[in-house]
Amino acid sequence: MADPAIDLQSVRKTYGGGVHALRDAALRVERGEIFGLLGPNGAGKSTLVKVLLTVVRATQVNGTLLGRPIGQKAPLARVGYLPEHHRLPPYLTARQAVEFSGALSGVPRKDRRQRADGLLDRVGLSNWKDRRVSTFSKGMRQRAGLAAALVNDPELVFLDEPTDGVDPVGRKEIRDLLVGLRSEGRTVFLNSHLLSEAEQVCDRVAILLQGRVVREGRLIDLQREGSRQELVVRWYGPAQPLPGCEDAGAVDADASTRRYTLATLDAAAAQPALDAARRAGAVVISLTPVREGLESLFMKAVTDPVTGRALPPGAIA
Amino acid sequence: MQLTAMLVDTYRELSSRRLFWLSLALSALVVLSFALVGINEEGVQILAWTLDIPFLNTRTIEAGEFYKLTFYGLGVRFWLGWLACLLALVSSAGLFPEMVAGGTVETLLARPVSRWRLYLFKFLGGLLFTALQVTVFCVASFLVIGIRGNAWEPGIFVAVPMVTVMYSYLFSVCALLGAWTRSGIAALLLTVLFWGFLFMLNVSEQMVNSFRLARLEEFAAIDRTMEKRRQKDPQADVSDLQAERDAGQEGWRKLDTAHRILLVAKTALPKTDETTALVQRWIVDAANLGAVAEETEESETPARRKGRGSFGTTRARESDVRKAIDQDMESRGVGWIVGTSLLFEALVLGLGCRHFARRDF
Numbered sequence: 001m002a003d004p005a006i007d008l009q010s011v012r013k014t015y016g017g018g019v020h021a022l023r024d025a026a027l028r029v030e031r032g033e034i035f036g037l038l039g040p041n042g043a044g045k046s047t048l049v050k051v052l053l054t055v056v057r058a059t060q061v062n063g064t065l066l067g068r069p070i071g072q073k074a075p076l077a078r079v080g081y082l083p084e085h086h087r088l089p090p091y092l093t094a095r096q097a098v099e100f101s102g103a104l105s106g107v108p109r110k111d112r113r114q115r116a117d118g119l120l121d122r123v124g125l126s127n128w129k130d131r132r133v134s135t136f137s138k139g140m141r142q143r144a145g146l147a148a149a150l151v152n153d154p155e156l157v158f159l160d161e162p163t164d165g166v167d168p169v170g171r172k173e174i175r176d177l178l179v180g181l182r183s184e185g186r187t188v189f190l191n192s193h194l195l196s197e198a199e200q201v202c203d204r205v206a207i208l209l210q211g212r213v214v215r216e217g218r219l220i221d222l223q224r225e226g227s228r229q230e231l232v233v234r235w236y237g238p239a240q241p242l243p244g245c246e247d248a249g250a251v252d253a254d255a256s257t258r259r260y261t262l263a264t265l266d267a268a269a270a271q272p273a274l275d276a277a278r279r280a281g282a283v284v285i286s287l288t289p290v291r292e293g294l295e296s297l298f299m300k301a302v303t304d305p306v307t308g309r310a311l312p313p314g315a316i317a
Numbered sequence: 001m002q003l004t005a006m007l008v009d010t011y012r013e014l015s016s017r018r019l020f021w022l023s024l025a026l027s028a029l030v031v032l033s034f035a036l037v038g039i040n041e042e043g044v045q046i047l048a049w050t051l052d053i054p055f056l057n058t059r060t061i062e063a064g065e066f067y068k069l070t071f072y073g074l075g076v077r078f079w080l081g082w083l084a085c086l087l088a089l090v091s092s093a094g095l096f097p098e099m100v101a102g103g104t105v106e107t108l109l110a111r112p113v114s115r116w117r118l119y120l121f122k123f124l125g126g127l128l129f130t131a132l133q134v135t136v137f138c139v140a141s142f143l144v145i146g147i148r149g150n151a152w153e154p155g156i157f158v159a160v161p162m163v164t165v166m167y168s169y170l171f172s173v174c175a176l177l178g179a180w181t182r183s184g185i186a187a188l189l190l191t192v193l194f195w196g197f198l199f200m201l202n203v204s205e206q207m208v209n210s211f212r213l214a215r216l217e218e219f220a221a222i223d224r225t226m227e228k229r230r231q232k233d234p235q236a237d238v239s240d241l242q243a244e245r246d247a248g249q250e251g252w253r254k255l256d257t258a259h260r261i262l263l264v265a266k267t268a269l270p271k272t273d274e275t276t277a278l279v280q281r282w283i284v285d286a287a288n289l290g291a292v293a294e295e296t297e298e299s300e301t302p303a304r305r306k307g308r309g310s311f312g313t314t315r316a317r318e319s320d321v322r323k324a325i326d327q328d329m330e331s332r333g334v335g336w337i338v339g340t341s342l343l344f345e346a347l348v349l350g351l352g353c354r355h356f357a358r359r360d361f
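Residue numbers (this note's numbering), protein chains in the order written: chain Z, 1 to 317; chain L, 1 to 361.
Hints are computed from structural coordinates only; laboratory data are not their basis. Fair warning: there could be bad hints in the mix.
Claimed, not checked - Just a sample of chain Z residues kept apart from chain L, beta carbon distances all over 12 Å, derived: (1) Gln9; (2) Glu84; (3) Arg112; (4) Arg115; (5) Ala149; (6) Arg171; (7) Gly180; (8) Leu219; (9) Asp254; (10) Thr261; (11) Gly281; (12) Ser286; (13) Thr303; (14) Thr307; (15) Gly308.
To be verified - If we take Cβ atoms under 10 Å as the criterion, some of the chain Z residues that face chain L in the derived model are: (16) Pro83; (17) Ala103; (18) Lys129; (19) Asp160; (20) Gly217.
Unchecked claim - Computed Cβ-Cβ distance ranges for the label pairs, DEER-style: (21) Z:Thr59 to L:Ala186: 26 to 34 Å; (22) L:Ala186 to Z:Pro168: 38 to 46 Å; (23) L:Leu189 to Z:Ala26: 41 to 49 Å; (24) Z:Gly308 to L:Val8: 34 to 42 Å; (25) Z:Thr59 to L:Gly339: 35 to 43 Å; (26) Z:Thr59 to L:Thr257: 48 to 56 Å; (27) L:Val8 to Z:Gln72: 23 to 31 Å; (28) L:Pro154 to Z:Arg122: 35 to 43 Å.
Cβ atoms here follow ideal geometry from the backbone N, Cα and C, with glycine treated the same way.
Chain L on its own, in the form it takes in the complex (with noise of 0.2 Å):
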C-alpha cells in the first residue's frame, strides 16, 4: 500500500513539472522525425525527397531492418541513451532533496514506514518518470516500424526495461547526492559530472582495447608473413619481421596493462554505455542483422581489406582488426555488463539507506 503511495505521489509530483511534458512532447517528435525517413531503391527518403546513398538502399536493406537500426541508433543510442535520460536527471533530480527538507521529511517519517523502504519506494517512484518515457517511445517506434516497415518487431521493448536500468545507475547516484547535499542542482551536476567520467573511462577503455587488440592482430599477420616466407623457403630470413614483432612488444604490454587498469575500474563503475547498446546487440540478434554486417565486411575492396592502420597497423587487415574487436564487445555478457552495474547501483542505494536512517531531521 505504502508503495503504491509512493509510486503515485512521485508520478504527480514529476508530472506535476513542465519538464515531463516537453520531455515527453520531444520523445513524439524524435519519433515523428523518424516517420518522416523513409529507404527506397535509390537511397534515403526524407519526406518527398530521396538522398540518393549507393550503400543505404532497399537493395543493401531491408526496410524493415532499416527501421530497426534507425530506432536503435537514433532513438536508443542517441534520444533515449542520452537527451531523455539528461531531462529525466533534470526533471527527478530535486526529488531527493524535497523528500529530506525541512516540513515533509517529518510527516514521511513519523510513519509505520522504514527509512529504508521510503528511500528505495521514492527511488522507484523516479525511475517511472524513465520507464514511462521509454515504453511510450517504444510503442510509438514499434508503431512506425511496423506500419511504414512492414516489419512488427516486439523484441525492440528490450529497450524499455534496458534504458530503464541504465538510467537507474546514474539515478542511484543522484539519489545519494541529493540526500546527501539536500540540493537538487548539486546533485543534477555531480551526477552528470559522474555520467561524464563514465563515459571519458568507457571510451578511452574501448580506445586502448582496440590498439592493444590490433597491436595482436598485427603479430598474428607477422606471424602468418614468416610462416609463409618459411613454407616457401625453410632458411628464409624472418629476422626483420621477429625483429618489427618485438619491437611491438613492449608497446603491447604497456597497452595490456593499462587496459588491465581500466577494465578493473570499469567493472566496478556503472556501464551505461554498453548497457544500452547490449539493445542493439539483441535488435541485431533479433531481426538478423548479423548477416548484413557479414555481407557489408564480404564487400569490402581490396583497398579496404589491407591493413590501412586505423590502430597503428600496418600488416593485420582492417576487417581482422574490427572483427576481433567486435568479437571481444561481444565476449562481454550480460552478467558483466548488467550484474556489476546493479552490484554498483546496489551499493550506492546501500550507502543512500544507511544516510537516510540514520541522519536526523
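Next comes chain Z alone, as it looks inside the complex (with noise of 0.2 Å):
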C-alpha cells in the first residue's frame, strides 16, 4: 500500500493565553481521495491546514506529509494550497499571479506561462488572464487562486473553503474540477463547513472539534452507521408493540403510529422484523431506507450528548 498523503500522528498547538487550538488531533489522508476535514468554526481547521503547511508552528508535532516530516519545506514543492480568505496581488494580473505562484514553488520558467494559460482556461477565466486581479470580482479571485494553488502540478491540494463567494454555477464548477483532480490521481485536503458540498465530493471526513479529531471515516462507513430502516405497518390491534418484532431486530418502536425501526440498510436483515409483523396480523405499508445525512452526522458529533446542546468548539485551558 502505497504511503498515505498525510499521516498525522499527534498535533498539539498551544497559543499564549493558555489556548489549546489543536489537542493532541491525529488523522490519516490517504493518496488519490478527496478529504473533507469538517468543523465548526473555531475548532481548529484552518490551524490543522497551516501546521501542515508550516505557516504555523505547532507546539508538538508528529507525522509525515507527502512522506516526510512535518514542517520540513521540501514536500511543499508537491503541494498546491488555496488559503480561505486569500488575497492574490491585486497588482498583477491573473496569469503574473499564477506564473508568480509557479516560480516561488520552484516551477521552471517555460513550463509556468504554459500551465498558467491552461489552468486558467480550466477554472474559466480565459477571457481574463491579462486584467489586474484587482478587477476581479471575488469568485473570479477564488478561480484565479485555484489555478494559483494547482499551477505546481501538486500532488496534494489544500483547498479551504474554494467555493467561498462563488456563485452557484461556480460552485457546481469547482466540484467538478476537485473530482477531476482525484481522477487525475491527485489528493485533495478539502476544509469546509459547507457539508452540502463535502457530501457530494468527499470520500472521507474527518470531524474537528475543540482541536481534535472526533469522528474520522469513509463518508460511506460514517453514513452507514446511522443509517436504518423504517418499516410502517397497520394493525388494528391494542396500541402496544406488535409482538416478536423486536426480538427480530427492531430497535426502535412506536407503538401509536406502528412505526418500527430497523437499524441496518441490510434488506434481508429486514425480513424477520417484516415475518413477524404479519404473523402477528399486521399489513406492511412501507420498508423505507433512510441514510444519515452528513449534516446529522455533524450535528451529533458537535452536541452534547447530555444536555443537547453544540459544544463550543474550541478549548481554553
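Relying on the hints, combine the two individually framed chains into one complex.
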C-alpha cells in the first residue's frame, strides 16, 4: 500500500493565554482521495492545515506529509494551497499571479506560462488572463486562486473554503474540478463548513471539535453507522408493540404510529421483522431505507449528548 | 528562481504605485534643473541670466568640476540623500506589512522556501526601488555633466551603490518595524523618527568634535606662542598663556568625554550622512578638486586666516581648525563608516528574519 499523503499521528498547538487550538489531533489522508476536514468555526481546522503547511508552528507534531516529516519545506514543492480569504496581489494580472505562484514553488520558467494558460482556461478565466486581479469579482479571484494553487502540478492540494463567494454555477464547476483532480490521481484536502458540498465530493471526512478529531472515516461507512430502515405497518389491535418485532431486530418501536426502526440498511436483515409483523396480523405499509446525512452526523458529533446543546468549538485551558 | 520571482514581484508592486513614477519624474526634474544651471567667466548662469559671483566662475573652477560639485551638493546630498530616500521609504514602507497580511502570507509561507529567504528576498526587492531611482538619476547626471561640462566622469556612478547602501540601513529598520507592527504608517513614522535621531546624533557628534579639535588647535597655538616668547627671551613670563591653557583643559576634557560617548553611539548605529559624504570624498578625489580646495584656503585674506572664533577659539587660525576637522573626518575610513553601519543593518535584518521565522500567521 502506498504511503498516505498525510499521516498525522499527533499535533498540539497552544497559543499564548492557554488557548489550545489543537489537542493531539490525528488523521490520515490516503493518496488519490478527496478528504474533507469538517468542524464548526473555531474548531481548529485552519490551524491544522496551517501546521501541515508550515504557516503555523506546532507546539508538538508527529507525522508525515508526502512521506516527509511535517514541518519540512521540501515536500511543499508538491503541494498546492488555496487559503481561506486569500489575497492575490492586486497589482498582478491573473496570468502573472499564477506564474508568480509557480515560480515560488520552483516551476521552471518555460513551464509556468504554459501551465498558467491551461489552468486559467480550466477555471473559466480564459478571457481574463491579462486583466489585473484588482478588477476581479470575489468569485473570479477564487478561481484565479485555484489556478495558482495548481500551477506546480501538485500531488496534494489543500483548499480552504474554495467555494467561498462563488455563485452556484461556479460552485458546481469547482466541485467538478475537485472530482477531476481526484481522477488525475491527486489528493485533495478540503477544509469546509459547507457540509452539503463536502458530502457531494468527499471520500473520507474527519470532524474536528475543540482541537481534536472526534470522528474520522469513509463517508459511506460513517453514513452507514447511522443509517436505518423504517418499517410502517397497519394493525388494528391494541396500541402495543407487535409481538416478536423487537426480537426480529427492531431497535425502536413507536406503537402509536406503528413505526419500527431497523438499525440496518440490509434488506435481508429486515425480513424477520416483516415476518414477525405478518405473523402478528399486521399489514406492511412500507419499508424505507433512511441514510444518515452528513449534517446529521456532524450535529451528533458536535452536540453534547447529555444537554443536547452544541459543544463549544474551541478549548481553553 | 524564487529570488528573481520576488524581485520582479516587488518591482511590480512598487511600480504599480503612483509614488514610484512621481519619484522618477521628480528625479528627472532635478536633473533638468541641474542642466539649466551653467557657469561662465562672470559667474553662474541660469538659462539666459548670469549671476555675477566673483568666487564662482570658470576662472576659479572648471565647468566640469562645478557640475560634479553641484551633482554632489544638490543631487546626491540633498535629492538622493534626503528627498528621494524619503519618497522611497514612503513608497516601500507598506511592502512588509502587506507581505505579512492575512491571505497573502499563507501563500508565501506554504512554499518550499525558507522564511528567512522570503524576508531577505523581499528586502532586496525593496532596495531595487532606490537602486533604480539612483541609477536613472546618475545616468541623466552623467550625460548632463558630459554635455554641459564637457567632463565625462564615470566616477559619479559610485553614488548608486553608496546611496543604495545608505538607504538599506533605513529600509532594514523599516522592514523590521513593518513586519512587527503590520502597519505601513507606523513603520514609516518610526523609521523617519529613527532617521531624525541619527541626523541629530551626527550633528551633535560633529559639533562636539569640532569644538574639541578647535580646542586642541587652540592649545597648539598657545604652545607656539609660548615657544616664540621663550625663543625671544628664555626668561619670558608665559604664566598668562599657561593659565589660559590650563583653564581650557577642563573644558576640553568634558568635550572629549562627551565626544567619546557620542562616537560610541554613532559607531553602533548606521551613519547615513557620512555614507553619502563618501560620494563627495570619492568624487573630489576623482576630480582632483582637493587642489581647488587648497587654493581656496591659500587665497584666504589675512583677516580670514586670523582666528575668528567659529568654535570658540581666539588664537588658532580658522583654516587650521577647519583643516584639523577635515583631516579628522577623512581619517574615518570606509570600514568604520560603512562596515559598522552594515553590521547594524545585519543585526536588524537578523532580528527581522528571526521575528518573521518564529511568528505564527
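Status of each hint after checking the structure:
1. Gln9: Per Cβ check, Gln9 (chain Z) is outside 12 Å of chain L; nearest 21 Å; holds.
2. Glu84: violated (8 Å)
3. Arg112: With a cut-off of 12 Å, Arg112 (chain Z) comes too close to chain L, as the shortest Cβ separation is near 9 Å.
4. Arg115: holds (15 Å)
5. Ala149: violated (8 Å)
6. Arg171: holds (20 Å)
7. Gly180: holds (22 Å)
8. Leu219: holds (26 Å)
9. Asp254: Correct as stated: the minimum Cβ-Cβ distance to chain L is 51 Å, above 12 Å.
10. Thr261: Thr261 (chain Z) is indeed farther than 12 Å from all Cβ atoms of chain L, at 46 Å.
11. Gly281: Nearest chain L Cβ is 67 Å from Gly281 (chain Z), so the label holds.
12. Ser286: Its Cβ never comes within 12 Å of chain L, the nearest being 51 Å, so this holds.
13. Thr303: holds (31 Å)
14. Thr307: holds (33 Å)
15. Gly308: holds (36 Å)
16. Pro83: Hint holds; Pro83 (chain Z) Cβ to chain L Cβ min 4 Å, cut 10 Å.
17. Ala103: Interface hint status for Ala103 (chain Z): holds (3 Å vs cutoff 10 Å).
18. Lys129: violated (16 Å)
19. Asp160: Check passed: Cβ of Asp160 (chain Z) comes within 9 Å of chain L, closer than 10 Å.
20. Gly217: Check failed: Cβ of Gly217 (chain Z) comes no nearer than 27 Å to chain L, outside 10 Å.
21. Z:Thr59 to L:Ala186: 26 to 34 Å: With Cβ atoms ~30 Å apart, the hint holds.
22. L:Ala186 to Z:Pro168: 38 to 46 Å: holds (43 Å)
23. L:Leu189 to Z:Ala26: 41 to 49 Å: holds (47 Å)
24. Z:Gly308 to L:Val8: 34 to 42 Å: Check failed, 57 Å falls outside 34 to 42 Å.
25. Z:Thr59 to L:Gly339: 35 to 43 Å: Holds - the Cβ-Cβ distance for Thr59 (chain Z) and Gly339 (chain L), about 41 Å, lies within 35 to 43 Å.
26. Z:Thr59 to L:Thr257: 48 to 56 Å: holds (51 Å)
27. L:Val8 to Z:Gln72: 23 to 31 Å: holds (27 Å)
28. L:Pro154 to Z:Arg122: 35 to 43 Å: violated (52 Å)
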